[in-house]
Each structure stands twice: as structure tokens, then as C-alpha cells.
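Protein chains: 2
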Amino acid sequence: MTAPWEAYLSEHETDYLEQFLEFLRIPSVSTDPAQAGEVRRAGEWLAARLRQAGMDRVEILETGGHPVVYAERLRVPGKPTVLVYGHFDVQPADPLELWTSPPFEPAVRDGRVYARGASDMKGSDLLPIFACEALLSTGAELPVNVKFMYEGEEEIGSPSLPRFIAEHKDLLACDLVLCADGGVGPKDAPAVNVGRRGLCGLEIQVTSAGTDLHSGGAGGMAPNAIHALVHILDAMRDEVGRILVPGFYDEVRPLTEQDKAEIAAVPFHPDAYKRSIGIKDFFGEPEFTPQERNVARPTLEVNGIWGGYQGAGVKTVIPREAHAKITCRLVPDQRPEVIRERLIQFIHQVAPGSVEVRVTPLPGEADPYLLPLDHPGLLALEKAVTAVSERPPVRVRGGGTVPVTGIFQRELGAETVTLGASAGQEGAHAPNEFVRLENFYRIQRAFCILFETLGETPLCGRA
Amino acid sequence: MTAPWEAYLSEHETDYLEQFLEFLRIPSVSTDPAQAGEVRRAGEWLAARLRQAGMDRVEILETGGHPVVYAERLRVPGKPTVLVYGHFDVQPADPLELWTSPPFEPAVRDGRVYARGASDMKGSDLLPIFACEALLSTGAELPVNVKFMYEGEEEIGSPSLPRFIAEHKDLLACDLVLCADGGVGPKDAPAVNVGRRGLCGLEIQVTSAGTDLHSGGAGGMAPNAIHALVHILDAMRDEVGRILVPGFYDEVRPLTEQDKAEIAAVPFHPDAYKRSIGIKDFFGEPEFTPQERNVARPTLEVNGIWGGYQGAGVKTVIPREAHAKITCRLVPDQRPEVIRERLIQFIHQVAPGSVEVRVTPLPGEADPYLLPLDHPGLLALEKAVTAVSERPPVRVRGGGTVPVTGIFQRELGAETVTLGASAGQEGAHAPNEFVRLENFYRIQRAFCILFETLGETPLCGRA
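Same order as they appear, the protein sequences are chains A and B. If you read the first sequence in the working numbering, its first letter stands for residue 180, the second for the next number, and so on. If you read the second sequence in the working numbering, its first letter stands for residue 180, the second for the next number, and so on.
In isolation and in its complexed conformation, chain A is listed as follows (with noise of 0.2 Å):
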């Protein structure tokens, strides 16, 4: 019994697939300016297929930082409306040197796509819309109110977002949003995501002196910014990750029994973890399991530092300048910006007298989300990615941050439930980022039957 989008997605998988590489093509890095051009290319890309899809209307909507696409197709009253979330934007390449094919040049080896973009998301932002094509190809209307909003931030913390979402509610006014970011894995794990871990980010300059120094003619005499920034990093966590800021943890939900065993039900190996992104040993806090660290506590990571001379050979220089970056995941129930003021005050506090430092928030500020786990909008999509895997999902948080799901909960009143083509560990943020086709071509179908399945759930009324 093959559904008859099946057949039309079955026919178009060498198109879909070319369609993919060409949006790849086009290297849309959110936080270079100098490429700002490339990132509204790839929303006018997108919106140009979303046209070609069947929707009503397609808009390039302005925000002051990166446009957003918007498009919709709303022929169906009385059944929910549902809002496809993702972006166009991309990571930054470097280091380019560890790149086996350049980054903007997709390569297809061993049923994979390689590069920036290829997992987080070029592939997934197009799965909702062949999904959609698929199913007009029968002839019939879609299942659903479709509505899709795919923005060009959301690797720079989505900073234009909060304010376009409450300055367009009715616009994307929605019984449930579809996040396209973030994936399903593999056929024979599958696994529906529930929470997302919240963000917040400082940027630390240290100043230590009005010139760079020689060592000898000052050495013994002046104080070196790079020394003050790194016992100002160092005080930050101790010897097994812990993080030493006070009240860093205050509002950190404690995890319940129940928390521990849903965590470790979720399909993970240990050793073939560790293997594939190159580590000799777990790090953190011990008195957590690694699974229970990534997605239920919280954590502060040095993300850059620089200062001084990084050329070749020696420069005996008593550095005047030094920087750091850095950046926490958090967790329920901690606020982004309560975080960053105990961060800033606590940065003050340990920085030597000797120097002067300035810490400056960075974008990007997100609260943690946990989807409600009587939701109809995840049982519908537990439903989907049943269909298309070889047994029922588990359940997950993640460890990343999704900044619009807590933004679309305070906005629009609607919950989000996340399906795409990412399956976990294939580079995102990092050289030779790949994605399956098995799963590009996989998750096509999922969409197709979760539209189906909502369009068959009481979902209306409860945003």
C-alpha cells in the first residue's frame, strides 16, 4: 500500500538531491558581514522553491539584520495551521586546512553529502517543502495550513527574531510549530526531541598596559594581560568541569528519577562516541552520567582566546591586549540574562586590581525549552517517525539551542515539535560536515505523513 506522494517523491530523488547541492553552493555565514550578500541569496533561493512548491504567498519580510522568508498556502479552514520553522544560514568554514573537499563545494561520497550546511540545515529546510509538493502532486488539497518562516540568524543567537515574532503574531499565528533544525536519527534509533538548552554568551577584553612590551625592558614590572585573562578563565570551573561562579546553578532543576532513566533509555555507545569526535575520556561534572550532562545541566566553554603574538618563532612581548570568548548552555529553569550578570559580576570580582577588563554580551541569549509530554503535536510525530523507522522513538532533550522555540511558546502560545534529516555527530559547527542521504530522503516521507496525521488531530484552539 504506497501512498501516492510515495511514488512522486520515489521519481524525484535525483532532482531533490541536485537541488540540495545547489542550495549548498551558496555560502551563507551569518556572522561574516563581508557575506551578507551570499545569505540573502540563499533566502531568495528558498523563497524562489517554496513558490515553485504551490504556496500562496512567498515574501522576503526584512528584519534589519538577515531577511526572513515567509510563505503560506491556507486552503484548508478548520484544520490546524501548522509553522515550519528553519534557517538559511550557515556556520563559518575555518579552519578550512581540515576540510577533505571545500566546504562550499558539496561532495557526495559513500551515501553521504559533505559540507557546511549539509547537517545544520540546508537539507532539512527543504524536506517540509518537497513534502508539500509531494502531496499537492495527487491532486488534493494539503492536510494543513501551511505556514513557513526560515530565517538567516539563527547562527548568530537569532538576534533580529524576538522582535519580528512580536512585531508579526498574526502573521504567524499557529496551532503548532514544526522545527525543521534538529533531527529524528537513524532508522533503527529513532528518537523525537522534547527540550533544547538555552544560551548566553560574554565577549572578555583585558587591558593591562598602553603598548605591548618588551620583556626584558619591563619584564618584573608590568602585568601581562594574558596572565590576568587566563586566572579569570581558570576561576571559572575546577578540575572536573564544575562550574565555580557563584549561583551559576541556583535555578537548575534537579533531576528526578524519572529524568535519569528517560536519559538512559536513550540509545548511546560510549566508546564509539568517544571514538568518533577523538576524545581519550568523558569530561565533566562526575557526579552526572556524560547523557545527563549534555542535555540536563548546564555548561561554560571557552569558544576563542587570543592575545599576543601567534606568528612564527619567538617575539618576547609582554602582551597588552588579550580576549576571550565564551559561551553557556542552560538549562530549565535558568534565565539567559540572570546567568550573564552573575557571569559579569563574578568576572569583575576574580580579575586582577593590576588590569582593566571589559565584558561585553554577546548575541544570541536563549531560554532552555521542554515540550509539554502530553502533547498532541508529539504524538503526531511520534506517529510519523514510527512509520519511517523500524521502531517507535525515544524520546530526548538535546544539548543545543534552538532560540525560537521558547520565543515562538511567549509570542504565538504554541508549542514546537522538531523533525528533520540530522541524525547527530556529523560535524555541525566543525570541518567536513556531512549529512545521509538515507535520511534526506527518509525524512521527506516523514513529512508527508506527520501533515497527514495533524490534519487528522484536534490542534486548533489550543495556541
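Simulated from the structure, these hints should not be mistaken for laboratory data. The hints are all genuine.
Chain copies aren't distinguished; within one or between two, either way the pair holds.
EDC-like mimics (lysine to aspartate or glutamate), calculated; alpha carbons at most 16 Å apart, straight line: (1) K453 with E535; (2) K459 with E535; (3) K459 with E500; (4) K439 with E471.
For this one, chain A is given, so just place chain B on it according to the hints.
Chain B in isolation, oriented as in the chain A frame:
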């Protein structure tokens, strides 16, 4: 009573300044492999200038690294032989944006010459050459036998020089080394150098994973190379700057009351100095004065640090690699190879077990040096400096390193006195390096007097 050479120097002030500016335009940055040709060009320029000044033999000698320029005029048997030492390489000029005028386009402003190498030490290279030319202009022979040895690797720690000197003992044999790398202070507060600190350095590389990781996907599970590095570096010094590496101070000569008195006798204006380098306060071991720490105590400084994302905006990465360069200034009787091994042992001892640490010694290890305080060469220098200053010089120990002094002592049995145009605090190794024209002209005269005085000094056979 004006010496005949005095008139000659006065007549040539403009010529000599123009030649100095021409020499400064050669970007002879020895640490940058791309500038190797410029380093050689600077050496060739000097060789031509030595020939023009009347040297009988001038040669460019290969070392395996940057070349050495050798010259000699040995026409007064029975008189002392003086070996002039200098270097024609310079420090890198970055950060370029902090220069008021470009580093290799010398600018004369307010009686100063601004350029990379102005103070350290292209001006001082020329002064003994000009002095010989002026002395010969009278028609008489030079009062001493002179040899010149200028190297092109001082700013990278003179890696080729120990072997070069050991292999050219006969060529370089002398009764006294006259080091032009340094200065004798301003006219109203002259000072002669009687000691230098030694040097050793290391580069540290920390590796925590096989690839950069997503701080959402792997956060809470994986070690972070930057956190490990800042832990290692912060463990090296306490909060007031004492070095915590076991055994670091074991061989340091305790300061006697006389040492302290001599150091305190050197003119020093704490507030003006702090303002000139833009520091809030002095920093370092509180049981010593800033001047004691600068010349008679060893130091450990991080010269550069880098790892992870350094671009604009946010990148939520757990970096797999982090790097730092550190150097130590050493004092009698510390030995660089001993201190280096203690540092390496300490680094591996404090490094978290979750990461791999690789430590590489940097080139340029050098012994500390102290001149015997009754040496006739020192007395001759003091006479020459007194003649061009408003009062007799004080004796000072320098905080910097001139690796060759220890090598000359070991290989040639010759002690070293120092005379040059640098007056300190002139931005050596930093942006906006400069030298004062007053010293450039005044010290030409000091060289003439020193050569004349050494001609009457019983130095022969001391070596």
C-alpha cells in the same frame, strides 16, 4: 679644544641621518621566513658601508641561517683588538594599526626617528662605523685594531651564532667585545650596563579532541583545549607574579645589600615610567622593588595565546586545540637548559589528564651575564661616556638579553662592554619604536673617545 674627528662628524650629520633612514627602510624581520631576503639585504648594505669606512677586509659569511657580516682593520700591532658586535635584524612590526607612521617608512618628528629598528638597533649599528671613518679622516691610523661582527638573528635568539663563533675563534679573537646593542641612557643621567638577563622559552600545544566540537552536541561530555591551557598557564604564577614552577628560583643569587644599593642608585621615576607604558601600577614579587625585579630577578611571561574562534560574532565551538608561547628571563646563576626542563616537567604535571600536551623549546636560549666590576674595558667605557654626558654614569644591570655576551665569554674568553644610542623606553619590540637624534649624534663621539681610550689601555693578553 675640539678633536679633528669632531669637526668631521659635525659636517656629516645630515649625510649620516640619511644613511640611517635608508638602512631603516629595509624590513629585515628575522623571525619571518618571507623576509629572509630583506635580512640579507640589510647585511649587504652594512658590508658596503663598512668597506666605504675604510675596513681592509669585509665579508658576508654564511651561517646556515641569516648571514653574518664580518669586517676588520688590523693595522696597529701591540694595541688592543676590539670586536664590535651588533645585529641588523629587527622584531616583527605587528600590530601595524597601532603605528602612527609605517614601521618601515622612517619618520623624523620632534628630534626623534620613528621606525622599526630605530632603537633596536640599526642606529647603534652605524655609530662605531661612523666613528672609525671620522678617526681615519684625520689622516692618522685607528688607535686600536678593530673587528666587526654583525649578525641577522638576534631577534630570534641567535640560533646560529654559538656554532659560528666556536668555528671562527681565530677570526674573532679579541681583547674586548664592544657590544653596540644597548645604550648609555640620556645625557643628564648616563648609565653603563654591567649585566644582562638570560632567556629560555617554550611553545605549548594542547589537543583535546579529534575535531572542533559543537558546544550543544558535545557540551558536558568533552574536554576543552582552551580550559586545559588556561589551567596550565594560571598554575605557573601566583596572583602577585611569583613563579610557582618547583625549583625555578633554586640557583638565583640572593641580592646582597650592595646589589640593592647599586640598583636603587640608578635614576628611576616610577610615576613617569608607569605613565609612559600605560600601566595602573607595578606588578611582581612584592618582596622586591620594581627595579630589582627588572634586572636581578627572573620572570616568566606568556607572550602569545591562541585557540578556537577569533572572528566576529559567536561561534559555539569546543575547540580541539589551543596554543601558547612563553619565555623566561633568567639571572645568575640560572641555566636556560635547566630551567627549560623544570618548566616542561611542571607543565606535564599540572596538565589535565583529559588532554594531550606537547611542549617545544623555542630557539634563543641564553645564559645570564655579569661583567667583572674592575675590568679596564669598563673603566674606559665610563671615561668615554662621562666625556659626552653631564655627569659620570651609574652602573646598571639590564633586564633584557644579549645572548652573545655569554658566548663571547665562553668561546673567546673576552668580556663585553656596551655602548649604543638607545636610551630605553623607546618602544623596542612594540609599535612606534623610536630613537632620539641627540643620542644618535652624541654617541658617535663617545665611540671615538672609547676607541682612543682603549688605545691607551693595557688590555692585550687579557683574553
